[in-house]
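J.: Take these sequences, add in the hints, and give me the full structure.
FYI, this note's numbering numbers position 55 of the sequence shown as 55, with every residue one higher than the one before it.
Hints were generated in silico from the structure; no laboratory data involved.
Positions of the beta carbon are idealized from the N, C-alpha and C atoms, including for glycine.
Among the hints, erroneous ones may be present.
Okay, the calculated beta carbon distance ranges per label pair [unchecked claim]:
id: 1; residue 1: Thr92; residue 2: Gly43; range: 28 to 38 Å
id: 2; residue 1: Thr113; residue 2: Asn93; range: 27 to 37 Å
id: 3; residue 1: Gly43; residue 2: Ser71; range: 22 to 32 Å
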Amino acid sequence: MSADTPAEPVKKGHGCLTSVIGFVVVVAALTGLLSMCDSSTGGEDSDHLAKVACQDHVKKGLKDPSSAQFSDVVIDGPVDHQWTITGVVRATNSFGGTAVATWTCEARNDNGTYYTSYRLSE
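T.: Here it is as C-alpha cells:
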C-alpha cells in the first residue's frame, strides 16, 4: 500500500431523510385509524357517554339525586348520532321511602356534547 492510494469516498446516504419520511407515514396512518374511532360516530365510548348523560339528567329530577340506583339499562342506537336509552331507577322519595320508576331518555351527540330529554313512568 502506497501513500498515493486515495481514500475511499464517503457515501452520502439518505438514511435520515428516509427515516423521517417513514415516521411521517406511520403517524399519518395512525391518525387516520384514530379518526375512524371518533366517539361521535358510535361505539362503546359514545354509548357510555350517552348513558351517563341520560342518567345525570334523570338524577337532577329526583328529590334525592345521590340515592339514585340504575338498573335494567338498555341502549338503542346510535342512529344519526342519537340514542334511545331506557331503564329503571330507584331513589328515596320525599317521605323517605323508595320510589321505583322506569325512564326513557333520548340523547343526541352534537360534536361531543350530549343533549338529553327524558320522561319517568311510575
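J.: Next, verify each hint and record whether it holds.
T.: So, going through the hints one by one against the coordinates:
no., hint, result
1, Thr92 to Gly43: 28 to 38 Å, "35 Å, holds"
2, Thr113 to Asn93: 27 to 37 Å, "32 Å, holds"
3, Gly43 to Ser71: 22 to 32 Å, "23 Å, holds"
In terms of the numbered hints stated before, the structure departs from none.
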